[in-house]
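Undergrad: Sequence:
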Amino acid sequence: METTFKLKAKTLSIGITSLGFSFIYGVNAAEMKEVDSESQTHFEEVTVWGAKVSSSSQQLGSDDLSLKQADHLSDLLRDIPGVDVGGTHSVNQRINIRGLNESDLDIRLDGASQHANMFHHIGNLTINPDIIKSADIQVGANSVTSGGLGGSVYFETKDAKDLLRSGEQYGARVFGGYGSNAYSQGSLTAYGLLGDHFDGMVYVYGIDRDNFEDGNGDETIGSDGTIGNMLAKIGWDINDSNRLELSYDYYRDKGDYSPRPDMSGSANHGLSDQTLLPTKYTRNTYTLGYQINNGSRFQLDSTLYYNQTEINRDESNITVGWPADRLTDNTATNTNTGANVKAQSNFTVLGLENQLTYGGEYNQQKSESEYGSSYNMSEKMTTSALFIEEKLYLVPSFSVTAGLRYDYSQRDAVTGDDSFDQLGWGLGAEWAVTEHWTFFASSRSLYEAPELLETFVKYQDVTTLDSNVKPQTGMNTQGGFKFRYQAGKHFVGSNFTVFKTQLDDYLVQEYQSSTSGYLITNDGDAEITGFEASVNYGYDMFNSKLSYSKSDNENKTNDTPILFNGRSSDMGDSIALNLDYLAVDIDTLFGWSSQWVLEEDNVLSGTPTKDSYDVHNIYAQWVPTYVDGLTITVGIDNIFNEEYASHASRTGYARGIDLTDYEPGRNYKISAAYQF
Numbered sequence: 001m002e003t004t005f006k007l008k009a010k011t012l013s014i015g016i017t018s019l020g021f022s023f024i025y026g027v028n029a030a031e032m033k034e035v036d037s038e039s040q041t042h043f044e045e046v047t048v049w050g051a052k053v054s055s056s057s058q059q060l061g062s063d064d065l066s067l068k069q070a071d072h073l074s075d076l077l078r079d080i081p082g083v084d085v086g087g088t089h090s091v092n093q094r095i096n097i098r099g100l101n102e103s104d105l106d107i108r109l110d111g112a113s114q115h116a117n118m119f120h121h122i123g124n125l126t127i128n129p130d131i132i133k134s135a136d137i138q139v140g141a142n143s144v145t146s147g148g149l150g151g152s153v154y155f156e157t158k159d160a161k162d163l164l165r166s167g168e169q170y171g172a173r174v175f176g177g178y179g180s181n182a183y184s185q186g187s188l189t190a191y192g193l194l195g196d197h198f199d200g201m202v203y204v205y206g207i208d209r210d211n212f213e214d215g216n217g218d219e220t221i222g223s224d225g226t227i228g229n230m231l232a233k234i235g236w237d238i239n240d241s242n243r244l245e246l247s248y249d250y251y252r253d254k255g256d257y258s259p260r261p262d263m264s265g266s267a268n269h270g271l272s273d274q275t276l277l278p279t280k281y282t283r284n285t286y287t288l289g290y291q292i293n294n295g296s297r298f299q300l301d302s303t304l305y306y307n308q309t310e311i312n313r314d315e316s317n318i319t320v321g322w323p324a325d326r327l328t329d330n331t332a333t334n335t336n337t338g339a340n341v342k343a344q345s346n347f348t349v350l351g352l353e354n355q356l357t358y359g360g361e362y363n364q365q366k367s368e369s370e371y372g373s374s375y376n377m378s379e380k381m382t383t384s385a386l387f388i389e390e391k392l393y394l395v396p397s398f399s400v401t402a403g404l405r406y407d408y409s410q411r412d413a414v415t416g417d418d419s420f421d422q423l424g425w426g427l428g429a430e431w432a433v434t435e436h437w438t439f440f441a442s443s444r445s446l447y448e449a450p451e452l453l454e455t456f457v458k459y460q461d462v463t464t465l466d467s468n469v470k471p472q473t474g475m476n477t478q479g480g481f482k483f484r485y486q487a488g489k490h491f492v493g494s495n496f497t498v499f500k501t502q503l504d505d506y507l508v509q510e511y512q513s514s515t516s517g518y519l520i521t522n523d524g525d526a527e528i529t530g531f532e533a534s535v536n537y538g539y540d541m542f543n544s545k546l547s548y549s550k551s552d553n554e555n556k557t558n559d560t561p562i563l564f565n566g567r568s569s570d571m572g573d574s575i576a577l578n579l580d581y582l583a584v585d586i587d588t589l590f591g592w593s594s595q596w597v598l599e600e601d602n603v604l605s606g607t608p609t610k611d612s613y614d615v616h617n618i619y620a621q622w623v624p625t626y627v628d629g630l631t632i633t634v635g636i637d638n639i640f641n642e643e644y645a646s647h648a649s650r651t652g653y654a655r656g657i658d659l660t661d662y663e664p665g666r667n668y669k670i671s672a673a674y675q676f
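Numbering follows the UniProt record's numbering, with no gaps: position 307 of the sequence shown is 307.
Please note that a few of the clues may not be correct.
Simulated pairs of lysine-lysine, DSSO-like, Cα-Cα distance not exceeding 30 Å [what the hints assert, rightly or not]:
1. Lys470 to Lys556
2. Lys280 to Lys458
3. Lys391 to Lys458
4. Lys470 to Lys133
5. Lys380 to Lys550
6. Lys280 to Lys380
7. Lys254 to Lys342
8. Lys391 to Lys254
9. Lys482 to Lys342
10. Lys280 to Lys133
11. Lys556 to Lys342
12. Lys380 to Lys458
13. Lys366 to Lys500
14. Lys500 to Lys550
15. Lys500 to Lys470
16. Lys280 to Lys342
17. Lys470 to Lys489
18. Lys380 to Lys366
19. Lys366 to Lys482
20. Lys391 to Lys380
21. Lys556 to Lys391
22. Lys254 to Lys380
23. Lys458 to Lys500
24. Lys366 to Lys391
DEER-style ranges, computed between Cβ atoms [stated by the list, open to error]:
25. Lys489 to Thr609: 20 to 28 Å
26. Thr319 to Thr609: 14 to 22 Å
27. Asp552 to Ile618: 42 to 50 Å
28. Asp552 to Thr319: 22 to 30 Å
29. Phe481 to Val634: 34 to 42 Å
30. Asp301 to Leu193: 20 to 28 Å
31. Val634 to Lys556: 44 to 52 Å
Read the hints as simulated data drawn from the structure, not as lab findings.
Predicted model, so just to flag it, every value in this text is computed and none were measured.
Don't be surprised by glycine CBs; every beta carbon is placed ideally from N, CA and C.
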């Protein structure tokens, strides 16, 4: 997110870090008071390379992403209440919200759907955290404007207008970083105005990874590879309120990787010896976005997109524990082609303020695979939706929101052609009791059609879609309050949400040993309950955030946890603490973050619990006044070298082998960026 603001020379060097404080105090950075009001003769502008991470489960945004020096989505999202990211491997970044994984979420990159069901040992997302401008996270399905069963995550990348400082016609940025455990990365960015109404940006990024060590000092295998990312954008400001933007985003992850990247290196060694597979995981994304912004009266955001994700692996050299008919060079491709449009109109009727949101979505998901030259598969899933949502202010402090959404899904698969639909609804209310307290409550019906089978498995022709299968439906109900209070230099803010998610006719894909195929069917009714709570406190140049999230799930029909890959998907209890202090005199921000995750014993009978853990990080960022555009960031992740695994990652045992995907141990990291 670009944050451009003016500060006196003494505090100019801290501009890049003030982003986090602007969130804490609930104001725009440009509105912050000067630290020393006696001297205001020298002002300059600072542009921040960072990202705003906003979430419905907390009142205030998170800190600037550049402070975290993120190289995996877990670095970006794990401290959001109700959110986790499973996986340690670069090809395995799995966003999880309240125990529901990425296939149950509406995830978009610059408006392009990232929906896929690629392979149970590999994640569906290929996203580079470095170029992200914002991540808007809806924890839970709360609005009919989004179709995700468990919520949504909308990523937006930077463009030239985000990077240009006041008065600039063009600019560039050079970035490099190193992590002791074990990677190096860098990027080059050029951007500028291409006339009175056009702007453009080209961004090139690369990271080179080695095999990391976990907290026990054990080196993993099969993580050594490289990632390259190129993003090009051209924007056209047609007039003051209309903008057209064309972008192309290419991402490639390449290396000799483990057969099962969702498991630890030792697990892969035990299951498949030391076999490594030449792997390429690529994404090509084309988007054409059109926005109208007529202020508070009317806004529109629309996108046409083509998003193709492909896995290519040479599996011909596997000698242990692999199907004989897959010992070839194999490719799986998932393509999303579609469009979405959302408009918002604000108007007054009979003296009452109205906010009307309306639009539609269309997506065609095409799943294809090739195994050597002997087998080809192609399936399609077409989904479309129309929605309308009205927010009516009965009085300025009290509003009621009601919405309708119609979903239609057409499944054209090897298992047969089937269609599903539902007319759903949403209802909510918000009451600002005082200037400090706001209460809210909402309910929304849920819908999800049966997925296509994983693309990178050779079982489509021996898979069965239950003849009586139903779409997964249900209801998400939640309520809570927000509180904010400021007195002088003190600020306190909090957010509390309690929720209950009912899932009727829960959908599963069960492997059938008798047919060596899968059965896609309903598996009873399930329920997820819990809460998210966060408290922020700030004083002068210090700010803090403490959060606690809890979720418990159960398959009510089978009296078991909800399962994913045969293991409980319950995330349990997580506590996060973030502390920041802005040392103005030495141009430096210091920070500390901690996460405590409690043991999760809601697992299948006879299987091990998910272990508790605590992990702590420290960082500092220096932006010297006397070198305009220079930023140096240092940090230590996992300071105490904890051996741990996220509850959203693979854990448990198979064939007597511990599958736990342990996180990297202690990691010293440093990066430098120069923008000119």
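Undergrad: All the hints need checking, so say for each whether the structure fits it.
TA: Hints versus structure:
no., hint, in the structure
1, Lys470 to Lys556, "holds, 17 Å"
2, Lys280 to Lys458, "holds, 19 Å"
3, Lys391 to Lys458, "violated, 48 Å"
4, Lys470 to Lys133, "violated, 39 Å"
5, Lys380 to Lys550, "violated, 37 Å"
6, Lys280 to Lys380, "holds, 23 Å"
7, Lys254 to Lys342, "violated, 36 Å"
8, Lys391 to Lys254, "violated, 47 Å"
9, Lys482 to Lys342, "holds, 27 Å"
10, Lys280 to Lys133, "holds, 26 Å"
11, Lys556 to Lys342, "violated, 37 Å"
12, Lys380 to Lys458, "holds, 16 Å"
13, Lys366 to Lys500, "violated, 33 Å"
14, Lys500 to Lys550, "holds, 12 Å"
15, Lys500 to Lys470, "holds, 22 Å"
16, Lys280 to Lys342, "violated, 35 Å"
17, Lys470 to Lys489, "violated, 56 Å"
18, Lys380 to Lys366, "holds, 5 Å"
19, Lys366 to Lys482, "violated, 42 Å"
20, Lys391 to Lys380, "violated, 36 Å"
21, Lys556 to Lys391, "violated, 35 Å"
22, Lys254 to Lys380, "holds, 27 Å"
23, Lys458 to Lys500, "violated, 37 Å"
24, Lys366 to Lys391, "violated, 36 Å"
25, Lys489 to Thr609: 20 to 28 Å, "violated, 45 Å"
26, Thr319 to Thr609: 14 to 22 Å, "violated, 34 Å"
27, Asp552 to Ile618: 42 to 50 Å, "violated, 32 Å"
28, Asp552 to Thr319: 22 to 30 Å, "violated, 43 Å"
29, Phe481 to Val634: 34 to 42 Å, "holds, 39 Å"
30, Asp301 to Leu193: 20 to 28 Å, "holds, 23 Å"
31, Val634 to Lys556: 44 to 52 Å, "holds, 49 Å"
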